[in-house]
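Engineer: Please model the entire structure based on the sequences and the hints provided.
Going down the list, the sequences are from chains A and B. For the record, in the first sequence the residue sitting at position 538 is 538 according to the numbering used here, with numbers rising by one throughout. For the record, in the second sequence the residue sitting at position 96 is 96 according to the numbering used here, with numbers rising by one throughout.
By construction, these hints were calculated from the structure, which means they are not laboratory data. One or more of the hints may lead you astray.
[Stated by the list, open to error] Straight-line Cα separation of at most 20 Å, SDA-like style, residue types lysine to any residue; simulated pairs: (1) B:Lys43 <-> A:Gly29; (2) A:Lys97 <-> B:Pro94; (3) A:Lys80 <-> B:Asp95; (4) A:Lys97 <-> B:Ala4; (5) A:Lys28 <-> B:Asp8; (6) B:Lys63 <-> B:Asn51; (7) B:Lys63 <-> A:Gly479; (8) A:Lys97 <-> A:Glu30; (9) A:Lys215 <-> A:Val281; (10) A:Lys97 <-> B:Lys63; (11) A:Lys443 <-> A:Asp309; (12) A:Lys97 <-> B:Trp96; (13) A:Lys395 <-> A:Gly65; (14) A:Lys97 <-> B:Asp26; (15) B:Lys63 <-> B:Asp26; (16) A:Lys80 <-> B:Val92; (17) A:Lys437 <-> B:Thr83; (18) A:Lys275 <-> A:Lys395; (19) A:Lys196 <-> A:Val281; (20) A:Lys80 <-> A:Asn69; (21) A:Lys97 <-> B:Lys43.
[As the list claims (entries may be wrong)] Chain A is faced by these chain B residues, among others (derived, beta-carbon under 10 Å): (22) Arg6; (23) Thr9; (24) Val12; (25) Asp49; (26) Glu62; (27) Ile73; (28) Gly81; (29) Arg85; (30) Leu88; (31) Gly89.
[Stated by the list, open to error] Label pairs and their computed distance ranges (CB to CB): (32) A:Asp440 <-> B:Ala50: 50 to 56 Å; (33) B:Glu34 <-> A:Arg242: 25 to 31 Å; (34) A:Phe220 <-> B:Ala50: 55 to 61 Å; (35) B:Gln91 <-> A:Glu509: 25 to 31 Å; (36) A:Arg536 <-> B:Gly16: 54 to 60 Å; (37) B:His66 <-> A:Glu158: 57 to 63 Å; (38) A:Asp441 <-> B:Ile52: 48 to 54 Å; (39) A:Ala519 <-> B:Asp39: 38 to 44 Å; (40) B:Ser93 <-> A:Glu509: 31 to 37 Å.
Ideal Cβ placement from N, Cα and C applies to all residues, glycine included.
The lines below spell out each chain.
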Amino acid sequence: MYAYDTYDRAIINARVDEFRDQVNRRIKGELSEEEFRPMRLQNGLYLQLHAYMLRVAVPYGTLSGEQMNRLAHIARRYDKGYGHFTTRQNIQYNWPKLVETPDILAELAEVEMHAVQTSGNCIRNVTTDHFAGAARDEIADPRPIAELIRQWSTFHPEFAFLPRKFKIAITGAPNDRAAVKWHDIGLILKKDGAGKIGFEVIVGGGMGRTPVIGKTIRDFIPETDLISYLEAILRVYNEQGRRDNKYKARIKILVEALGADVFADLVEQEWQNTKNNPIDVPQAEIDRIYTFFTPPPLEVLEDVVAVVDEKAASDFVFASWVANNTHAHKVPGHVSLTISLKPHDGIAGDATAQQMDVVADLARDYSHNEVRVSHEQNLILPHVAKHQLLEIYQKLELAGLATANAGLLTDMIVCPGLDYCALANARSIPIGQAIAKRFDDMKRLQDIGPLKLKMSGCINSCGHHHAGHIGILGVDRRGVENYQILLGGSGEEDASKAQLLGPGFDADEIVDAVETVVAVYLGERREAETFLSAVRRLGVAPFKEALYGAA
Amino acid sequence: MIIANRLDTGRVVFLGADNQWHTQADKAITATDETVLEDLWAKAQADLDANIIIDAQLIAAEKNDHVAMPSHIKHIIQAQGPTVRTDLGYQVSPDWEG
Chain A
1 MYAYDTYDRA IINARVDEFR DQVNRRIKGE LSEEEFRPMR LQNGLYLQLH
51 AYMLRVAVPY GTLSGEQMNR LAHIARRYDK GYGHFTTRQN IQYNWPKLVE
101 TPDILAELAE VEMHAVQTSG NCIRNVTTDH FAGAARDEIA DPRPIAELIR
151 QWSTFHPEFA FLPRKFKIAI TGAPNDRAAV KWHDIGLILK KDGAGKIGFE
201 VIVGGGMGRT PVIGKTIRDF IPETDLISYL EAILRVYNEQ GRRDNKYKAR
251 IKILVEALGA DVFADLVEQE WQNTKNNPID VPQAEIDRIY TFFTPPPLEV
301 LEDVVAVVDE KAASDFVFAS WVANNTHAHK VPGHVSLTIS LKPHDGIAGD
351 ATAQQMDVVA DLARDYSHNE VRVSHEQNLI LPHVAKHQLL EIYQKLELAG
401 LATANAGLLT DMIVCPGLDY CALANARSIP IGQAIAKRFD DMKRLQDIGP
451 LKLKMSGCIN SCGHHHAGHI GILGVDRRGV ENYQILLGGS GEEDASKAQL
501 LGPGFDADEI VDAVETVVAV YLGERREAET FLSAVRRLGV APFKEALYGA
551 A
Chain B
1 MIIANRLDTG RVVFLGADNQ WHTQADKAIT ATDETVLEDL WAKAQADLDA
51 NIIIDAQLIA AEKNDHVAMP SHIKHIIQAQ GPTVRTDLGY QVSPDWEG
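Structural biologist: Written out as structure tokens, the structure is:
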């Protein structure tokens, strides 16, 4: 993992001191709320429905056990004993007091964490594949470059006041687990004919009220040229992006308006300036960053483990957990393990302080002290020996963390919705809980197979409903919560935009509607055909007919 | 009624007839008369200016058995706490100050 150098430490500590002073001045009345609001937002502090909310960055979703322990400590000491992991690989605390937030930030800084650029119209936390550095299908670990982008973008003065927020995601594997085509910039790591690393560059993706899948503007940019090329993209956007209308200010609107080819030409022209300036990082510095991401010393082990297979043969739920919650590792005999934060009686993405401490212990004992946060709101132990899976399972079971549903229907992305969020129009969490309850039977879930359900409580799409195989969008219909169903979205390498099926359903109807959609799939599917494949083959017509009757 | 958040903790509060901010919606003063509403808003504005509260809003309310409650679900949730994790919400500690 990356470790702060003296510069990182100095700027983060200075930022804590600065924010402490700003909070003190606000409490004393020396700053008005209008003056203070952008300051607190630049430190990740929002005002939500019930209280302040602090969003803490987890750069590219990577944490050490000690950092996870600190997150638990903050939940316990400054909040109500829990936190919420988000689709940006961050964690949010729902109940911090303004007066205590400088202390929280100081405690985070002690473990090399912060909340800068988790809000505001700047370059946000860079996200990546939660299996980065471990996945068998990976070309190379994208995290060194994610770290390079973090350093370049942190407090970048030119890009501190962009037209709108800006999100970058990177995948190091052809199987995209970072939803790169749905980001302002998506980067797909590739190697050229000489084996040198570079990136396909995609721009203008995004969700919200105008969902757009990003477009490739360059097939390959060498990693040594990446920063100057990103600088050129940001500069074109900063100059030409709209500032007159918040809803048309994201880069996707600019790229759509100009056309991707014209936008690409503008970037190329600008790049002629930026690439000749000393912006790009010397190879020696890139090499230095790479040293922090050296793979752990894993011994090649047997891929078949008797103790696991014997238990799986007699325990369907354990067998499902092994099948669903493990992912192929580069080193034989190992897996990356998904710890589902989607218990059927819980809240998607929430973890208690006690659970965070359990995960920290497991990371130390079984995963070379590494934890990942996934954009699907789960936690990952990236480097686990297969022969230890049963031991880990038993410990997770005791902590309520052994739900065997990774990648299945109840492994939903669910935004905080109207229970917490000031922007939401409808509640998401109780609907997610009702769906989980309806589909609680593990054999049924396993039979339905891979299915990504994603739910947002408003058009801002924090719950990624546009990219859901089944998407649910909560709306306010004359003061009553109402839920629309969308079908056929994907956040992966085959990215697609989900299609709205028709009028929404009331809260007490939406679970039946989801069940109807699933029943159509089960009735129509061909052998081994997944839900998404079936939707793509059939189109939405049979699902609409089942929900609304024949036209 | 007027809803706001305390500056220091963010706790949701309601303006009462005693000109104080209360954590419980049933202590909120409600009014329909324009002049009274203007007076209430003047008090809220004074406390905004005094940095006691933030994000004050005049919201629709209704009374059931003489007990005031916001009308819209968003403000009902603000008054009562999240409808999930009710073990940690205002339901179990309505006087919680943040």
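Engineer: Confirm or reject each hint.
Structural biologist: Here is what the structure says about each hint:
1. B:Lys43 <-> A:Gly29: holds, 17 Å
2. A:Lys97 <-> B:Pro94: The given pair, whose Cα atoms are some 17 Å apart, holds under the 20 Å limit.
3. A:Lys80 <-> B:Asp95: holds, 15 Å
4. A:Lys97 <-> B:Ala4: holds, 15 Å
5. A:Lys28 <-> B:Asp8: holds, 11 Å
6. B:Lys63 <-> B:Asn51: violated, 30 Å
7. B:Lys63 <-> A:Gly479: holds, 18 Å
8. A:Lys97 <-> A:Glu30: holds, 19 Å
9. A:Lys215 <-> A:Val281: Violated, at about 26 Å.
10. A:Lys97 <-> B:Lys63: violated, 31 Å
11. A:Lys443 <-> A:Asp309: With a Cα-Cα distance of about 18 Å, the restraint between A:Lys443 and A:Asp309 holds, given a limit of 20 Å.
12. A:Lys97 <-> B:Trp96: holds, 12 Å
13. A:Lys395 <-> A:Gly65: holds, 16 Å
14. A:Lys97 <-> B:Asp26: violated, 24 Å
15. B:Lys63 <-> B:Asp26: holds, 9 Å
16. A:Lys80 <-> B:Val92: holds, 13 Å
17. A:Lys437 <-> B:Thr83: holds, 17 Å
18. A:Lys275 <-> A:Lys395: Measuring from Cα to Cα gives roughly 52 Å; hence the hint is violated.
19. A:Lys196 <-> A:Val281: holds, 16 Å
20. A:Lys80 <-> A:Asn69: This hinted pair holds, its Cα atoms lying about 16 Å apart.
21. A:Lys97 <-> B:Lys43: violated, 24 Å
22. Arg6: holds, 9 Å
23. Thr9: Hint holds; B:Thr9 Cβ to chain A Cβ min 5 Å, cut 10 Å.
24. Val12: holds, 6 Å
25. Asp49: holds, 9 Å
26. Glu62: violated, 12 Å
27. Ile73: holds, 7 Å
28. Gly81: holds, 7 Å
29. Arg85: holds, 7 Å
30. Leu88: Because about 5 Å separates B:Leu88 from the closest Cβ in chain A, which is inside the 10 Å limit, the hint holds.
31. Gly89: holds, 8 Å
32. A:Asp440 <-> B:Ala50: 50 to 56 Å: holds, 52 Å
33. B:Glu34 <-> A:Arg242: 25 to 31 Å: violated, 39 Å
34. A:Phe220 <-> B:Ala50: 55 to 61 Å: Because 59 Å falls inside the window, the suggested range holds.
35. B:Gln91 <-> A:Glu509: 25 to 31 Å: holds, 26 Å
36. A:Arg536 <-> B:Gly16: 54 to 60 Å: holds, 58 Å
37. B:His66 <-> A:Glu158: 57 to 63 Å: Roughly 59 Å apart at Cβ, these two residues keep to the hinted range, so it holds.
38. A:Asp441 <-> B:Ile52: 48 to 54 Å: holds, 52 Å
39. A:Ala519 <-> B:Asp39: 38 to 44 Å: Given about 58 Å between the Cβ atoms, the range is violated.
40. B:Ser93 <-> A:Glu509: 31 to 37 Å: holds, 34 Å
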